[in-house]
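Undergrad: Sequence:
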Amino acid sequence: MNPGPVLEILKNEGVLTDEQADVVLSQVADSSKDVAQLIVDTGALDRNAIFYHISQALGLAHVNLKGHTPPAEIISAIPAATARLYKAVPVSYDGHVLTVALADPLDHQAGEDLGFALSQEMKFCVADSKQVLDAIERIYVAGEGTGQMNDILGQLKSIALSDGDDESEANSAPIVRYIDLVLEQAMREQASDIHFEPFESEFKIRYRVDGALYEMSPPPVHLSNTIISRIKVMSNLNIAERRIPQDGRMVMTLADKDVDFRVSTL
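If you're matching positions, the sequence shown starts at 0 in numbering that gives the first Met the number 0 and goes up one per residue.
FYI, nobody ran anything at the bench for these hints, they're computed from the structure. We treat Cβ as the ideally placed atom computed from N, Cα and C, and that holds for glycine.
Straight line, CA to CA, 25 Å or less: simulated DSS-like cross-link-like pairs of lysine-lysine:
hint	residue 1	residue 2
1	Lys65	Lys86
2	Lys156	Lys203
3	Lys32	Lys256
4	Lys65	Lys256
5	Lys32	Lys10
6	Lys65	Lys32
7	Lys122	Lys65
8	Lys65	Lys129
9	Lys86	Lys122
10	Lys86	Lys129
11	Lys32	Lys86
12	Lys256	Lys129
13	Lys32	Lys129
14	Lys10	Lys129
Quick list of simulated restraints, FRET-style, between CB atoms:
hint	residue 1	residue 2	range
15	Pro70	Glu196	23 to 29 Å
16	Glu196	Ala172	20 to 26 Å
17	Gln55	Phe198	46 to 52 Å
18	Asp112	Ile158	44 to 50 Å
19	Glu72	Ser157	25 to 31 Å
20	Lys10	Pro217	51 to 57 Å
21	Ser200	Leu132	40 to 46 Å
22	Ser200	Asn235	26 to 32 Å
23	Glu12	Gln154	53 to 59 Å
24	Ala159	Gln119	43 to 49 Å
25	Gly58	Met251	43 to 49 Å
26	Ala159	Met251	26 to 32 Å
Given the sequences, and given the hints that come with them, work out the whole structure.
TA: So, in structure tokens, the structure goes:
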């Protein structure tokens with residue numbers, strides 16, 4: 000966001016002094032932080048308050064996009080490349096008007112260009128710019144993996160268990176790819192933990208983000224032991240031992256970063 004207009008809005012709203020605005024302006028050129036974070040650093044406002052006052056000045060709704068994942072039909076209203084180009088995330092759709100949040104709510108030209116590109120009637124709301132950018136990466140990365148996940152789930156349904164050894168089944172290509180996709184999605188969502196929960200009639204896989212649990216697409220229940228065995232193989236645990244708890248570790252790489260997992264079986 001252009002610092003000047005943002006600072007003027009906040010001064011006009013009576014929540015930022017001239018002195019605080021001057022401090023921010025003196026730091027903009029030499030800082031990698033966005034203007035909102037520089038304002039937060041002055042102690043004047045938190046990020047939520049900054050974007051709330053911007054929304055009030057613009058006469059637009061203020062929304063919280065933390066953890067926001069719209070339905071697939073709404074996500075598809077803005078192609079991934081277009082969302083990244085205009086730094087725009089779809090929020091809701093009433094059947095006629097698409098509601099969109101821009102990373103820079105003051106960039107009216109971007110809003111006009113987006114509407115022209117989509118040939119879609121839309122209205123805008125205001126959200127924290129960081130939340131908008133995070134939401135774009137979260138929902139479009141997840142969407143790009145949806146097709147792969149559906150393909151793998153289709154393959155899993157056709158797998159018939161044999162009398163072969165557990166490790167061979169755990170290392171079969173569809174099982175390996177399914178677990179990789181589950182872990183990759185959890186890492187992208189910055190999950191703190193993942194639960195693989197086999198029950199008699201269903202197999203739940205859930206991950207925790209900011210204290211809330213979200214369910215992933217479940218695999219066929221008849222593969223529960225095979226999938227658990229795959230986790231054990233990756234963690235160097237004894238796949239034959241199913242009576243006592245075990246603890247292990249494994250490492251996966253995502254976007255050139257190694258992520259360390261601590262694994263516990265119950």
